[in-house]
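Colleague: Based on the hints, put chain V in the right spot on chain D.
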Amino acid sequence: MRTKNVVHLVLILGLLSVLNLTYAQDTPEVSEEGKEVYEESCAHCHGIEGRGDGSAAENLLPRPRDFTRGLYKIRSTESGQLPTDQDLFDIITIGMPGSSMPGWETSLSANDRWEVVAYIKTFYDGFKESETPPRQISLEGKIPYSEDSVEIGKVLYTQFACFECHGNLGRGDGTSAPTLQDEWGFKSWPANLTQSWNYRGGNGIDDIYKRFIGGIAGSAMPMFEDPAFGLTIEQSKRYNELDSKVEMTESEEEEYNQLDEKMGNAYEILDLMADGDATEEQKQIYDTAMKAFNVKSWHLANYVKSLSPEKQPEPAIGKNVLRSQYTINELPEIADAAWETLESSYFPLVGQIIVEPRQFNPTIDSVNVKSFYNDTEVVFLFTWDDRTHNTEVEEDEDTGTTFEDAIAIQFPVKVPKGPTAEKPYFLWGGRKAVYLWQWKASDADKVTELTAKGINNAEAQEVQGDIQAKSEYTDGQYKLWVKRALKTDDKKDLQLESGVFVPIAFSAWDGANGDVDTKRVISSWYSFVLEPVPSSRRFIYPPLVALLSFGLLVGLRQFVRQRNT
Amino acid sequence: MKTKMLTCLILLFAFGFGLFVFADSHEKEEEMNKLVFPKAYKSTTVKDGGKISGVVKFEGEVPEKKKLEITKDPKVCGVTDKFDESLVVGDGMALKNTIVYLMDISQGKDFDKDAKVEIDQKDCRFDPHVQIIPVGTVLTMLNNDKATHNVHIFGTKKNNTEINIQQTKNRKKMRLTRFKSKNAEGPVEVKCDIHGWMKAWVAYVPHPYFAVTNEKGEFTLEDVPAGTYKLGYWHEACGTNNKEPVTVTVTAGGEVKQDFTLKLKK
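Sequence order for the protein chains is D and V. Residue numbers 1 to 565, in this note's numbering, belong to the letters of the first sequence in order. Residue numbers 1 to 266, in this note's numbering, belong to the letters of the second sequence in order.
Extracted from the complex, chain D is given alone in its bound form:
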């Protein structure tokens, strides 16, 4: 009897010890179900213990979040505060665009998602320790979107120093961009604000506002305070004007000192408020300054909103297919205003993950293309965003090796007859060869013609045809201009004819992202067409046909009448 009891006791203790180990914490509200769902759906990336080290993690950038430090990027709460349960639920539901985190709305029930929320909170003690709910960001005083507000926001974008990381035009190409890392030491890129479909926390104006009031935890994105606290928009503009002056007149200096003092005073009050030591008068100054800051922040949010189209553009198929426009004039040069008259066609790019080495974490989103042709030549303008301008191979012990940026435009050697005819393999050909234009940043005004029969089987053509190329890189964007004759004597070249749909595909390399050889971004086949010349004959034939049919009808009527009589 006694031995039985001992055995039972040992058994219970053993079970308890195992249970203790498998549960990170014994939080009563965490159910077995939450753990089960987590381990089945989340642990592959986020790890069994929530460290962000699941089996798939190594290949992902941004890395899956490590839940053990309570750092959540997308929050409705102030800087340094934990997210609300609703924040966590929303991210699980919607996912994080531009990252590997999918939305789970269709694959997990709402109940399961709430269970997961409860479970991931057990990975960080802070959730248990905090006595008060996290402080939420107030959305009061929101300023409606307008052109005027965008204009004001544009000035504030510089004053708030957003450009340091996000670049002058918001393409994520700021001078601090190349060295940014997250708190785990992994490379992290500032958002390209012109591509709002990749904003991790959504592209609503409220979302944007919350990101810079609350910061993005674990990343380089800080919370922002007013860079000219206590000053109105007009005053802060004036302050910056005076500040950048090499020499000030006496009255200007006086004005500057006054503004400087006002600002310094307001900053002091900010600290006093945080300590709870401010007088009534100081509180009033604080309130006024905070209101001005909120106004500035909403203008800034409106400006960021204005930088990107609402949605990712439709890819270049169907009605959006790339149509090269005929012109009787000279073809435009790279900086010609004529390009502004065309809509560009959008070709989304994805990481190449078929052949080793692969690119799982692409940084180039897409390439935009415009084209003109005349009776003898065709010209293309390729535009794509790249945060860094890499023209050579660089070894850097902190950021790793950097390669040069490049792009390749791919065509078949022979245009397949009809839409169902077989095209060459989309990854640089196979049995059927492809014809390529390859451009590299180290030789910025040159395009090399290649023939390829596979991604690792490309050769520069022995006879390089007369292809003109020019390129430029400004504010995080490449422009490549390429001009060639419609017809050439080289059998290895593509020959172009108006009205024929020609397959086209792209490969691009961002050197700073480690892209080289097969590690690149690609597209599958799209097509383009030299839009047939609007012919003057349309003014002759249709009336002629109409006239003839009318004549025939009259004749027929005459004939029928005669037969009847």
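Hints were generated in silico from the structure; no laboratory data involved. Positions of the beta carbon are idealized from the N, C-alpha and C atoms, including for glycine. Be aware that one or more of the hints could be misleading.
No more than 25 Å apart at the CA atoms, straight line, and that leaves these computed lysine-lysine pairs for PhoX-like [claimed, not checked]:
| # | chain 1 | residue 1 | chain 2 | residue 2 |
| --- | --- | --- | --- | --- |
| 1 | D | Lys128 | V | Lys230 |
| 2 | V | Lys57 | V | Lys216 |
| 3 | D | Lys291 | V | Lys173 |
| 4 | V | Lys116 | V | Lys173 |
| 5 | D | Lys154 | V | Lys146 |
| 6 | V | Lys39 | D | Lys237 |
| 7 | D | Lys128 | V | Lys180 |
| 8 | V | Lys230 | V | Lys266 |
| 9 | D | Lys492 | D | Lys446 |
| 10 | D | Lys414 | D | Lys432 |
| 11 | V | Lys243 | V | Lys157 |
| 12 | D | Lys245 | V | Lys199 |
| 13 | V | Lys172 | D | Lys245 |
| 14 | D | Lys128 | V | Lys34 |
| 15 | V | Lys75 | V | Lys65 |
| 16 | V | Lys157 | D | Lys187 |
| 17 | V | Lys122 | D | Lys245 |
| 18 | V | Lys34 | D | Lys237 |
| 19 | D | Lys291 | V | Lys172 |
| 20 | D | Lys262 | V | Lys172 |
| 21 | V | Lys158 | D | Lys128 |
| 22 | D | Lys128 | D | Lys154 |
| 23 | D | Lys35 | V | Lys157 |
| 24 | V | Lys199 | V | Lys66 |
| 25 | D | Lys262 | V | Lys146 |
| 26 | V | Lys75 | D | Lys245 |
| 27 | D | Lys440 | D | Lys470 |
| 28 | D | Lys262 | V | Lys122 |
| 29 | D | Lys245 | D | Lys283 |
| 30 | V | Lys172 | D | Lys128 |
| 31 | V | Lys122 | V | Lys199 |
| 32 | V | Lys173 | D | Lys262 |
| 33 | V | Lys72 | D | Lys245 |
| 34 | D | Lys283 | V | Lys146 |
| 35 | V | Lys263 | V | Lys66 |
| 36 | D | Lys414 | D | Lys487 |
| 37 | V | Lys182 | D | Lys128 |
A few chain V residues that face chain D, going by a derived Cβ cut-off under 8 Å, partial list only [to be verified]:
| # | residue |
| --- | --- |
| 38 | Lys67 |
| 39 | Ile70 |
| 40 | Thr71 |
Modeller: Just chain V now, with coordinates in the frame of chain D:
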């Protein structure tokens, strides 16, 4: 029947133990690079306390000083040359920026209320490189540069919230009142992301017996109540002595000398 059950039990235990060891190895590795704190600390008046002092030296080949590449704001940041500060070895192999501290003191003096808890951002460099912060004390950040910085103090496992706040050139002094540390922990990394080379460390500590070595490698811990203590160190590049702390015995009013010789972390 019974033997079977026993075997099952043994297996179960073995499995449990295996899991335990596996789950713990991660944590342990991390803990080896952190400071060790007493379970509790009570501040009292210390009369006739002793003193522990010494010099920390570096042993081994001193790597060539790594000059930092100034990739931003050259007019502000590039005026003086800057070097990587993870290992600063001075004359006579003196090792700067080593934390020397008592690991297991449970009662002693209170913090010096007048001591400045500040980090200056000057010439795009944090000064000091290692700052001790009493738990719950507000850190003050100075900006003496005509440049915008962001003060980024990493989030931690022990519920000391992440701080990442922009400090523009207009804000000369910023008290991080909203971000008080809650638990003893550290050292924790400090960075400016805008100027990626700017790095420093803070440690949130529960008692005042912490010292950071100066350029001569010297440290002093004063007003230590008589007793026997474990003396620990932490250095960014050389690690800790958590596995083998040194034991020192302090007598009333006496002075103990304890030097250290540190090698690069493997």
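Colleague: Hint by hint, where does the structure go against what was stated? Just the numbers, ascending.
Modeller: 1, 6, 12, 18, 22, 29, 30, 34, 38 and 39
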